[in-house]
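Participant: For reference, the chains in residue letters:
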Amino acid sequence: MSAAGPIPVRVAAIETVSPFIKTFTLEPLDGGLLPAFSGGSHVVVTMQGRDKNHRNPYSLMSSPYERRFYQISVRREDDGRGGSKFLHGNVRVGDELAVSPPANLFAVNELGRRHILIAGGIGITPFLSQLYELRAQGSDYALHYAYRRADDTAFLDRLTAEHGERAHFYESSQGHYVEPGRILADQPLGTHVYVCGPEGLIDTVVTRARRLGWPESHIHAEEFAAPPSGKPFTVVLDKSGDELEIGPDDTVLDVLEDNGYAPDCSCRGGVCGECETAVIAGEIEHHDDYLSEEVKREHSRMMICVSRAASERVVLDL
Amino acid sequence: MSEQATVAAPRVKPVETFRGDFTYSNSPEAIRRFPFPFHRDDYMYSVNIEPHDGTPPGSAYAPAFDIDEHYLSEMAERRTVLEEDPKRCQVLPYMMEAQWDTLELMMTSLAADYPEHFSLTCDGDTWTWENRLLDIRDTFTFKDADTLPLEPFEYITRQVQGDFTLHGQRNDMLYMDGGMVTCQADWSLDFDLGMNFYEWHGPVPRAHEMGVFERALKYLLTLKVGSPVRRLNWTMTVNPRMDTSPENYDKWGIDRATITPDNVGELAHLRVELQSLWRLPRSNAILFSIRCYLISMEELATVPKWARRLHRVLRDLPEDLADYKGFIGFRPTVLDYLARYDDGAATSPGGAPD
Ligand code: HEM
Ligand code: FES
Chain H
1 MSAAGPIPVR VAAIETVSPF IKTFTLEPLD GGLLPAFSGG SHVVVTMQGR
51 DKNHRNPYSL MSSPYERRFY QISVRREDDG RGGSKFLHGN VRVGDELAVS
101 PPANLFAVNE LGRRHILIAG GIGITPFLSQ LYELRAQGSD YALHYAYRRA
151 DDTAFLDRLT AEHGERAHFY ESSQGHYVEP GRILADQPLG THVYVCGPEG
201 LIDTVVTRAR RLGWPESHIH AEEFAAPPSG KPFTVVLDKS GDELEIGPDD
251 TVLDVLEDNG YAPDCSCRGG VCGECETAVI AGEIEHHDDY LSEEVKREHS
301 RMMICVSRAA SERVVLDL
Chain D
1 MSEQATVAAP RVKPVETFRG DFTYSNSPEA IRRFPFPFHR DDYMYSVNIE
51 PHDGTPPGSA YAPAFDIDEH YLSEMAERRT VLEEDPKRCQ VLPYMMEAQW
101 DTLELMMTSL AADYPEHFSL TCDGDTWTWE NRLLDIRDTF TFKDADTLPL
151 EPFEYITRQV QGDFTLHGQR NDMLYMDGGM VTCQADWSLD FDLGMNFYEW
201 HGPVPRAHEM GVFERALKYL LTLKVGSPVR RLNWTMTVNP RMDTSPENYD
251 KWGIDRATIT PDNVGELAHL RVELQSLWRL PRSNAILFSI RCYLISMEEL
301 ATVPKWARRL HRVLRDLPED LADYKGFIGF RPTVLDYLAR YDDGAATSPG
351 GAPD
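Chains as they are written, first to last, in our numbering: chain H, 1 to 318; chain D, 1 to 354.
These aren't lab readings, by the way, just hints derived from the structure by calculation.
Don't take each hint at face value.
[Unchecked claim] Derived coverage of chain H by chain D (criterion: at least 3 residues anywhere in the stretch with Cβ under 8 Å from a Cβ of chain D; other residues may be distant):
| id | stretch |
| --- | --- |
| 1 | 96-109 |
| 2 | 259-268 |
[Said to hold, decoys possible] Calculated pairs, SDA-like style, for lysine to any residue (alpha carbon to alpha carbon, straight line, at most 20 Å):
| id | chain 1 | residue 1 | chain 2 | residue 2 |
| --- | --- | --- | --- | --- |
| 3 | D | 87 | D | 186 |
| 4 | H | 22 | H | 207 |
| 5 | D | 143 | H | 68 |
| 6 | D | 218 | D | 325 |
| 7 | D | 325 | D | 191 |
| 8 | D | 218 | H | 109 |
| 9 | D | 143 | H | 66 |
| 10 | D | 224 | H | 249 |
| 11 | D | 218 | H | 221 |
| 12 | D | 224 | D | 54 |
| 13 | D | 143 | H | 157 |
| 14 | D | 325 | D | 258 |
| 15 | D | 224 | H | 36 |
All figures in this text were calculated on a predicted structure; none of them were measured in a lab.
In this text, a Cβ means the ideal position worked out from N, Cα and C, and glycines have one as well.
Whenever a hint applies, use it, and build me the whole structure from the sequences.
Facilitator: As structure tokens, then:
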């Protein structure tokens, strides 16, 4: 059994939902079944661009009970890192991409008595997969979905058909705005609120809920488990004199192993301490949970499984 | 999974006992593949987690769930324990999805790793499971609990070696929300049920202050489907007794006083837990597997490196750890026994025999 790497997928369909939003249907390249997942999960999509690879996390919006394909919806962000522009502009039906196994940092609390989902715009996507579960389990829930214009979204009919009175819509171009304060004010004890959308909406919901005295454990905002990536840099190995280039999505540990080195390591996730390496020169961008704050400030040590260089070059005692 | 697991059809012994006359023993092959937990000559708690990735081929670590020569004995022992105390298997009602996740993971893994012993045929939601070692053949509807003789979690964990616990993840915390626990090292599912990660680790000395649990929890919260991890834990047990539970303390606590220089090689056992952790796909719960291996000092001493190293580890283990692990009383007797095998020679790195 090998640790699950990226899963090769083929773009089976692209649906233009609005001028800004496209829905992509992704099928496994080997024709088999994709990993099952839970509502609220996301995958990291890897796209091979001409000059660089893009890696963006997207929520899975298809049914968790469907394993023949995944669906994601992507809003074109012109000022983003380029992944969404690439998906909109360069990806065609039949193209191959890769997705990470699903991860979930936005799961429905299964012991919650009532669930309020508040979505803004494209932030509806994680809720689409959660709603399958909430409905199947017969849970008590309500969806509040705010968007700019009705023609901006193709999800309305489906949501109305499947969730009837439980779905509430707010079209801002028609002067309808979601009012989190009012929604949250008269909820029974034990209700959970989930929010996904623009930062402003998340802030409002979280602040309102706190002000009303909701416990932190009942307030949920979407998070992605983005692997640390960043600027490329050069690692110089002091003992051998070797110089290795570390790309934006590589780890120092992986590159060392690819080049025939076998540094000590165990967890590969910045917690066990095995891969601690002395730094001779250079500045470190620490991503681990192992080194003390004091050591981190000194830039004298580095956990090579997760941390990166803040400088262009770093000299390691290897 | 299938190509790498070279133990495709382990020889399985007839039933031996873990109580009463204690007929359990390890064959020479079982000794060679024992997961000896010490990579160095000393030991201290750490966040000793690594990917559970099918390596090294042929070892006890390679299969998703290791099946070995003690399979029939351990499954018989589990039945006995459950007959006496059904509370050893409990799952909170909300965890039905996690129960099915567990059943699917175990059936697909066993069928892939041990095709001669287990097979699974899926025709849509109609599944046929065959366990030739226990002579079980059942056809059932996936996700319809009424079509199985027991709830899915109990059904499948009565057929897999090791204890298992189920953990819901809420509020950046893991909770003990279910388990099948019949071969544990002095802790109780019934007592821990519903506790959170820090609470059920409450009795462990030092590790809280060292930040071990904080870092371990943080890591587990982001555990991903399809990328399981593992770690080793260990203690010492008198007699090859699987069920050293608080519930039955009156039956085994006194064993410790029976150790003498004459019988220590036979009675004192190193108890190793190969623990693996799995994110379950549909429930987002975590399955924790605690696979227990027992080896007597006599058996262990057939590997010179292990006897040397265990002598040093036990000799230098801090008092509070030896006390917590429950062998501080008979440690001197074990040390005297092992000292005979420790000639002071250097030991090679890693846990494998030389
Ligand atoms: C969900 C996963 C886990 C479960 C269910 C679990 C459960 C337990 C239990 C029941 C005990 C016995 C406590 C007692 O004395 O009552 C224990 C001990 C311990 N656990 Fe965990 N554990 C888990 C994960 C971990 C991880 C990831 C680590 C990583 C460092 C860890 C480190 C320890 C240590 C060091 C001890 C003391 C063992 C000894 O000295 O014998 N546990 N665990
Ligand atoms: S390998 Fe564990 S901290 Fe780097």
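Participant: Hints first: check each against the structure and report whether it holds.
Facilitator: Do the hints match the structure? See the list:
no.: 1; hint: 96-109; in the structure: holds (count 8)
no.: 2; hint: 259-268; in the structure: holds (count 3)
no.: 3; hint: D/87 / D/186; in the structure: holds, 15 Å
no.: 4; hint: H/22 / H/207; in the structure: violated, 32 Å
no.: 5; hint: D/143 / H/68; in the structure: holds, 18 Å
no.: 6; hint: D/218 / D/325; in the structure: violated, 25 Å
no.: 7; hint: D/325 / D/191; in the structure: holds, 19 Å
no.: 8; hint: D/218 / H/109; in the structure: holds, 19 Å
no.: 9; hint: D/143 / H/66; in the structure: holds, 14 Å
no.: 10; hint: D/224 / H/249; in the structure: holds, 18 Å
no.: 11; hint: D/218 / H/221; in the structure: holds, 18 Å
no.: 12; hint: D/224 / D/54; in the structure: holds, 16 Å
no.: 13; hint: D/143 / H/157; in the structure: violated, 30 Å
no.: 14; hint: D/325 / D/258; in the structure: holds, 18 Å
no.: 15; hint: D/224 / H/36; in the structure: holds, 12 Å
Consistency with the previously given hints fails for numbers 4, 6, 13, ordered from lowest to highest.
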